Amino acid sequence: MDFIFDYIRVDTFWKILLFTHFALAVALLAAVTLQAVTVLMPARQVAGNFVDRSPMPAVSYTTLIIVLYVVQALLGAWIYVKYRTYVRIPMEELRFWKTLGSFEFKEHVIAMGLGLLPAYWYFWQQPRSAEHAVVRKWVTIFLALSVWYGFVIGHLANDFRGVGSL
Amino acid sequence: MTQTLDVADERLSQLAGAHPAAAPTSTQTRASKLGTFAITFGIAFALLYTVYERLNWPLFTYHPASGKLEFWKQMAGVGPPMFWYGWIVLAAASALVVGWIATMVSAPSLRRATVFCCALAALWPTALAALSVFIVSYATFDADFLNSVWIAAIPALVGAAAVTYVVPSRLADRVWTSWLLTVPIAGLIVLGYSLQQYFVR
Numbered sequence: 605m606d607f608i609f610d611y612i613r614v615d616t617f618w619k620i621l622l623f624t625h626f627a628l629a630v631a632l633l634a635a636v637t638l639q640a641v642t643v644l645m646p647a648r649q650v651a652g653n654f655v656d657r658s659p660m661p662a663v664s665y666t667t668l669i670i671v672l673y674v675v676q677a678l679l680g681a682w683i684y685v686k687y688r689t690y691v692r693i694p695m696e697e698l699r700f701w702k703t704l705g706s707f708e709f710k711e712h713v714i715a716m717g718l719g720l721l722p723a724y725w726y727f728w729q730q731p732r733s734a735e736h737a738v739v740r741k742w743v744t745i746f747l748a749l750s751v752w753y754g755f756v757i758g759h760l761a762n763d764f765r766g767v768g769s770l
Numbered sequence: 052m053t054q055t056l057d058v059a060d061e062r063l064s065q066l067a068g069a070h071p072a073a074a075p076t077s078t079q080t081r082a083s084k085l086g087t088f089a090i091t092f093g094i095a096f097a098l099l100y101t102v103y104e105r106l107n108w109p110l111f112t113y114h115p116a117s118g119k120l121e122f123w124k125q126m127a128g129v130g131p132p133m134f135w136y137g138w139i140v141l142a143a144a145s146a147l148v149v150g151w152i153a154t155m156v157s158a159p160s161l162r163r164a165t166v167f168c169c170a171l172a173a174l175w176p177t178a179l180a181a182l183s184v185f186i187v188s189y190a191t192f193d194a195d196f197l198n199s200v201w202i203a204a205i206p207a208l209v210g211a212a213a214v215t216y217v218v219p220s221r222l223a224d225r226v227w228t229s230w231l232l233t234v235p236i237a238g239l240i241v242l243g244y245s246l247q248q249y250f251v252r
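Taken in order, these protein sequences are the chains called H and Y.
Just so you know, the working numbering puts 606 at position 2 of the first sequence, and the rest follows in order with no gaps.
Just so you know, the working numbering puts 95 at position 44 of the second sequence, and the rest follows in order with no gaps.
Read the hints as simulated data drawn from the structure, not as lab findings.
All clues given are correct.
Facing chain Y, a subset of chain H residues (Cβ under 7 Å, in silico):
id: 1; residue: R688
id: 2; residue: G705
id: 3; residue: E708
id: 4; residue: A723
id: 5; residue: W742
Model, not experiment: these values are computed from the prediction.
All C-beta atoms, glycine included, are put in the ideal place defined by N, C-alpha and C.
Just need the whole structure built from these sequences, with the hints factored in.
As structure tokens, this is what we get:
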């Protein structure tokens, strides 16, 4: 991987990686939030054929969410190497304990979300099945909350030392 | 257009439902096994990840300063050690095995085993904490030998077996998929509590 540093500076490389992580996080956040809203407020049956189109079906987001979640987890795991030495140590020295603790908790939240992905995928294979409707809804909401938590706390850590921070 | 397709899909579903009940096809069996695997994997992963994190059992340790990867838990080395990758990989590998075994056992046995494991996961640390309180506050003799995870395992195993015996099969069956949410949330409460040192300083 060192050959990359012949062309760009080390800190520029990590900033590009961090920005990519942020951009993909926005996409994941949008998809998972839309799906969570769809399961919380399903579209009502329209009368007759007055409305000729229905909202985007929630099931169509599933594969995208799984792919983005896994890619984001891998990208986050990669950036975490830099965080551990370049960000966390100064965080400890400057006694930013709450930011540090929240970021530690983010690791666990994302790990729990990763573990739920196979079941999430399975439940969304039969989106009309009433058998798993309740658990499908709550697993989707759990994933949405995990992504929101990861996004907010990741942003806080970035503000401490990352893209655009001093 | 989408609505037309939806209506057609519903009619097809109704037609499919109109056929007399038949023996499950290989596709249905495969789907059912896949579901069993996915749900069991989710429950086992959350449970095992919490246990491995609390016991600090990573499959490997990564030292970011030196770029070295070492098997199991290695505190010594240049710079801070990283265990998170090791916990995730070990939990995923263990959950894969548990999920695979789950596809081979009967559904009632799997439901019961899930109740047993979840009860054990809750009772074991509770028993350990209760023993610690007993040793410090109530013991009138040198009870330090009781302060052991293996001693705490005895009441935990007995308690988990009792809970599994008492819980009716229908209830175990009905709540099985609920463990998929209960276990990660409980795990996050435990893991969050372990991080309280960062929030009370």
